[in-house]
Structures are given as structure tokens and as C-alpha cells.
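Going down the list, the sequences are from chains L and D.
Its first residue numbered 1, the first sequence is counted upward by one per residue in this note's numbering.
Its first residue numbered 1001, the second sequence is counted upward by one per residue in this note's numbering.
What follows is a set of in silico ranges between Cβ atoms, one per label pair, in the way DEER data are often shown:
no.: 1; chain 1: L; residue 1: Trp416; chain 2: D; residue 2: Val1066; range: 37 to 47 Å
no.: 2; chain 1: D; residue 1: Lys1269; chain 2: L; residue 2: Pro19; range: 34 to 44 Å
no.: 3; chain 1: D; residue 1: Ser1039; chain 2: L; residue 2: Lys210; range: 22 to 32 Å
no.: 4; chain 1: L; residue 1: Asn248; chain 2: D; residue 2: Gly1124; range: 37 to 47 Å
no.: 5; chain 1: L; residue 1: Trp416; chain 2: D; residue 2: Glu1041; range: 31 to 41 Å
no.: 6; chain 1: L; residue 1: Lys110; chain 2: D; residue 2: His1230; range: 54 to 64 Å
no.: 7; chain 1: L; residue 1: Asn143; chain 2: D; residue 2: Lys1269; range: 51 to 61 Å
no.: 8; chain 1: D; residue 1: Lys1269; chain 2: L; residue 2: Asn248; range: 38 to 48 Å
no.: 9; chain 1: L; residue 1: Phe9; chain 2: D; residue 2: Gly1231; range: 58 to 68 Å
no.: 10; chain 1: D; residue 1: Pro1012; chain 2: L; residue 2: Gly167; range: 49 to 59 Å
no.: 11; chain 1: L; residue 1: Lys210; chain 2: D; residue 2: Lys1269; range: 39 to 49 Å
no.: 12; chain 1: D; residue 1: Gly1057; chain 2: L; residue 2: Pro137; range: 36 to 46 Å
Below, a list of computed lysine-lysine pairs in the DSS-like style, where the Cα atoms sit at most 25 Å apart:
no.: 13; chain 1: D; residue 1: Lys1023; chain 2: L; residue 2: Lys231
no.: 14; chain 1: D; residue 1: Lys1027; chain 2: L; residue 2: Lys231
no.: 15; chain 1: L; residue 1: Lys353; chain 2: D; residue 2: Lys1261
no.: 16; chain 1: D; residue 1: Lys1091; chain 2: L; residue 2: Lys415
no.: 17; chain 1: D; residue 1: Lys1023; chain 2: L; residue 2: Lys210
no.: 18; chain 1: L; residue 1: Lys210; chain 2: D; residue 2: Lys1027
no.: 19; chain 1: D; residue 1: Lys1234; chain 2: L; residue 2: Lys353
no.: 20; chain 1: L; residue 1: Lys353; chain 2: D; residue 2: Lys1269
no.: 21; chain 1: D; residue 1: Lys1234; chain 2: L; residue 2: Lys415
no.: 22; chain 1: L; residue 1: Lys271; chain 2: D; residue 2: Lys1269
Source of the hints: derived by calculation from the structure; they are not laboratory data.
Everything numeric in this text was worked out from a predicted model, so none of it was measured.
Ideal Cβ positions, reconstructed from N, Cα and C, are used throughout, including at glycine.
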Amino acid sequence: MTENKNERFIKTKMKEQSPAARVGNFNEVPFGYTEDEARKEAKRCLQCKKPLCVEGCPVEVKIPEFIKCIADGEFAAAARKLKETNALPAVCGRVCPQEEQCEIKCVLGKKGEPVAVGNLERFAADWERENSQISIPTLKPKNGKKVGIVGSGPAGLTIAGELAKEGFDVTVFEALHEAGGVLVYGIPEFRLPKEIVKKEINYLEKLGVKIIRNYVVGKAATIDELMNEEKYDAIFVGSGAGLPSFMNIPGENFIGVYSANEYLTRSNLMKAYKDDALTPIIRGKSVVTVGGGNVAMDSARTALRLGAEHSIIVYRRSEAEMPARKAEVHHAKEEGIEFNLLCNPVEILSDEKGFARAIRCIRMELGEPDASGRRRPVPVKGSEYEIPCDVVIIAIGNSPNPLIPNTTPDIEVSKWGTIVADEKTGRTSKKQVYAGGDIVTGAATVILAMGAGKVAARSVVEDLR
Amino acid sequence: MNTILKREQLSPQVFRFRIDAPKIAQKRKAGQFIILRSSEEGERLPLTIANGNAKEGWIEIIFQVVGLGTRLLSELKQGDSLLDLVGPLGKPTHVENFGRCICIGGGVGIAPLYPIVCALKEAGNNLTTIIGARNKSLLILENEMKASSDQFIVATDDGSYGHHGFVSDVFNNLIAEGKKFDFAIVIGPAIMMKVTTGLTVKNGIKTFASLNPIMIDGTGMCGGCRVTVHGETKFACVDGPEFDASGIDWGLLVKRLDSYKLFESESLKKHACRLEGK
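So that you can see chain L by itself, here it is in the shape it has in the complex (with noise of 0.2 Å):
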């Protein structure tokens, strides 16, 4: 009975690759659950009258009927009930904060371990995938009504999905080669595999959703063109965060110098890090990446991957105030990544010929909490020090991209380049223009962006009605 009693508060671990093996690979570091795990855990959930997790999801995923269909083995049931709500599964198991979000506020999490929701995200969206069972659903019938979607990141996709099964003509534009967004060129195929995302994008197309590649909106053509010339009869704008920022430190231009946006694009979007890749990428003995968030974490992992022998975190706070998921840092630490806490660059040395040699830190220490309430870094006095390395990565953020509101005179943007959009219903200063995601709020998270489009589809529906 104890023994019962105990097991209830305790997660069932995801095996995963040993990180000795997996620094020479790719390939993604969980296998996932088996059935069998998947069901252990899944009788785990309280199955609550009132679940407390459902309102910490941004897109309202029915946690406990999803795991109730997992704990009683109908796991193609499981995923059809979260498509109800989210259209990416498989993407928001693998890079979601749960721990933030629905599995902090499990019941469970009081006296042991809250269930792991997310990874039963990901072994019902899985399973569903790899045993063919995706199935369409029942969409309304088709409304007249055409919608324009810029940007094919994570708050695209999900309004997209949303409007096209409630019977719009929905149409995404994407400036790369490949739909995604953030999906491919930014989250690396040892967390996230682009083949999943190339499923899940597939099956928007199936809705119906059409996705044109190659079109940069504001380029081939403004908003106003899309409404009054190809008669849309509404557009949503989520162009993200792609505007990387810098240091504005000496010899930040210096070869081996890279954005964390253009390291991952080169190495995920252009697979630099396959042999036959045309794209070049420089593969650093030691690399230096300046950051503390996830994208930081995914930058020096993904340089250890490349052939690294030193990749070394440097962040001018404490591990405390890192942003990165702490399942992230655990990841990183675990492959022998070396953290530089409490140390800020303050100059990047080059060699004659102008590739980077070495990144000038100077040490931190915290002193009172700033705006943020997180303690601010002030530096010590005489406290430089170098660390040799041929390769940096600059990971500190993105502001948004200004090409959109560039070209559209009439949207109101916020003094940080962001456009102003109500957070409840995604209505932007102009008619029938929607925004949501990074645009909107800054870099944040996938499924912030995912449940911005959710707002944004019902405002759609409502609008257009």
C-alpha cells in the first residue's frame, strides 16, 4: 500500500540517449515513452473535477480526458482530443515549459511530482503519427471568406489550423524555403526533429491551410495589397522575433562571430551539420556562446555536436536568474558544457587575418534587483580575464522584425518595434489585421505564439462573421 502510495508521486522517467553517446549525434535526446510507461504514468493523473492544469495552458489543451484516454489505452483517442485544442502536439510535448505552465499547477505536485503532462503530449501525438492514425476532423463547411496568414512560425501555424477548420480559405506566407519558422531554423534537431514538424505541417495542409514558401509580405507585397488587391479579407500578422541583437562590443564583426539565429540556421534550416551540406558553417575547437536562455543552451549544445572540445555558456548573471528551462541546463551541463556564470564579454580579440581568437570577460558580481526583480550584475573592477575560442555565438535575444510594420503605415507599433495588438482578442490598431507571437510580446515562448493565434482565430471568426 505505501509502495502504491509512494509510486503515485513519482514521474516516469523518459529514457534517453546517454550524453556520451549523444554529443555525436543529432538525433533527438528522449526516445519517449512505451505504451506501457505512457499508461503507468497516464493512472498517475487525479483525473480532477476542476483541473487546475487545463488553466495553465495558453491554448487550453483537455488535459485529463487526453490522459484518460492514454490510461485506458486509447491512444489514438488521446490525440485526436488534443488536436480539439492544439494543432502542433507533438511540437508543444517536446519545447512547451510544462513546468511552468500546466504541470506546476497539478495537484500532484504538492506532496511529489505533478504528472508529466508533457511528455504524454508527445507519446499520444507520436503514436498517432507512427502508427498512421492521423485522421482529419470534421471541418465547417467553406465561409467565402479568405485569410492571410504572414508568417509560418507557431502562432501562424496555429491559426491557421484553427480558421481552416472553421471553414476559411486560409493562406500562410513564409519568406524562407521551408514552413516552420523558429520550428526549423531555430530549435535543433536533437530537440526538436524537422521531419515531426514536416508531419504536423502537413497536416494543416490537409486541413486544407494553403502555404506559400518564398513571399516576403511588406516585399513582394504590403498588407494593403494582400486586402485590397488580392481581395484578403483579413490578414494575420505573426513575423516573430527575427531581428537578432548584438553586444555593440569591439570585434563583435569579427569572423566566427555569429548571431545564435544565424549558428542555428546555418546548422538546422541548412543542415551545415551534415557532410554534403553546400551551406559552411565554422566548426570551433572552442566556442564561447553569450546567453542564458534556451536558445543559448541550444547553441552550445549544438556546437558540441559540431566537433567542439571546449563550449562554454557565458552569462553575466547567476544560474538562478538563467531564463533557459532548467531541464535544458540539466541537458547542457550533462554533455560537459562549461558554464561562465557571473561574467560579461567586454571585447572580442581577432587574429591578422580578422577570425576570432579570443572573447574578454570581465567578472560580476550582484548587487541590488533591477526593473526585472531579478538582482542586477555589476561588474568587478579589474577582473578581466580571456577565454581563448575560434567561434561565438552572441544568444542574448531578438527585437522584432520591422518589415512589416515598415510597410504598413496604419499599424500602431510600440516604442520597442512590437506591434500593439489587444492580448485578449489579438485586434491590432488597423481593421480586420490580427497580430500575435514574438511580433507582439517580444522573443518569448512557442506556446505563448500558439496561443496568440488561438485568441486571434476567435476574433477572426467573430469579425468576419
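Position chain D against the provided structure of chain L, taking the given hints into account.
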């Protein structure tokens, strides 16, 4: 989709493709570029639009084979299609009636200069055009350039055609003759632009240069194409590709262009080995 309507070889390493691209042909303005991919493993290659016809729905690109990406592109035939084509990208050239303009093009840089020359002409400017190449066989667009210019001078480094020497020498001679200019645009290899714009700027001429740094997405997302202009970091894909030449950090541009030189020569070698079955 994006079929190659016409393929010409302008010189041993330089090719001109006419591509079916009605949307881009309609929208493009002088100074803008496209990005293309010719194969699944291929790079994204940024190329300035060298010509276009909105009515007939085509654009032209002119490119020189430098790495494996451009080599594979050059191996496409008339009737083949590009895998991906996106554009127009970048800011168009700022065109107005400046008065007396000097347009200087070197090597394959003559290609992007051509639509700018046409646009400046149409805006009513008096145009002096200098084009140059290492030798006569590498010289492109001579007739087209001549037809759009009021004064036209050719130079070759080896003296095999036109003036014997660099385009910068020709410019110096014009200044020595007492010629005055109100606006200059210079496009060519980085070193040529560095030297030539140094002279035009010294002579008090407002000068723009069109830069061709390494680029991936072309929408500002990667920052790979960053250049330093007047001490500030700019992204050539969205802030350019044309910049006030008086503020460009040429040394840095030249270095960054060589980032992958080793990789490029190695991948070209590998490709040659495969072709020859070695």
C-alpha cells in the same frame, strides 16, 4: 515555376539567366536583389536583379562562378527550374535627378549597376559610366551600358580593350580634365569599391556603393550580412545593400567575405573529383 527561359554564358565564368518570375518582375526596383536555391542541399544565393520586364514577367540575374553553389547553378540548362526564388529584397536605390552622375562598375558588379544606370537615366540625370574588367573577355553588358549613358568609358587591367588600367585611373583622369559630378555609384569587387569610392569621396562627391556580404535569409533574421557603416552595425539585406560609401568599413567587409574561402575551395575540389569520377 521559376523556369530558366534563357541561359547565356557571357564570359568563361559569368552567366546570365532569364527567369520566369512575374511577381518579382512587377515589383522589383533598381538596386534590389533576389535569393535563390538551385538544389535541395544547395545554399541560398543572393544575387542582384540585373534586368527585368514586368510585361513579359521575367527577371535576369548575372553571376560569376566562385564556389560550388554558383557552379551548380551554372550547370542548370534552359528549361530547368530553380528550386526556390524569393524577392525582391533589400531597399531600392534612391533615385532622383541629382544632375551629373558617375556610375562605375567593375567585373560582375557591372550587372547590378545596369538597372541603376537605367533608373538614373530615366530620372533625367546626365550619366558618365565607367566599366572595367581584368581583360576583354570578362567585360559584360558593354552595349547595354553604352546605350544608357551620355559618356561611356571602358577600361581593362591588362589593356586588352579600352583604357589600359583600373576604373579608378579613368575616374582620376576625368577629374584631372576638370569634370565635376554630383553623385556617384560604385559597384564591383570590394577592393575596387574601396579604392574607387575613396577617390570619389575625396573629390566631394556623394557616393553610394552596393555591398555583397555573405547572407542567408535576406530578411534581417540572421545578421550574417552585417557591415559597419559610420561606426554602426547595419544589415546589408534590410538596411542596404547600398550604403553611403564614405562610412563603410572596407577592411572588415573584405575580411568577412573571406570567412569560408577554404570551405569553398574544398567543396569545389570535391565536386570536380566527383565529376571526373576520381
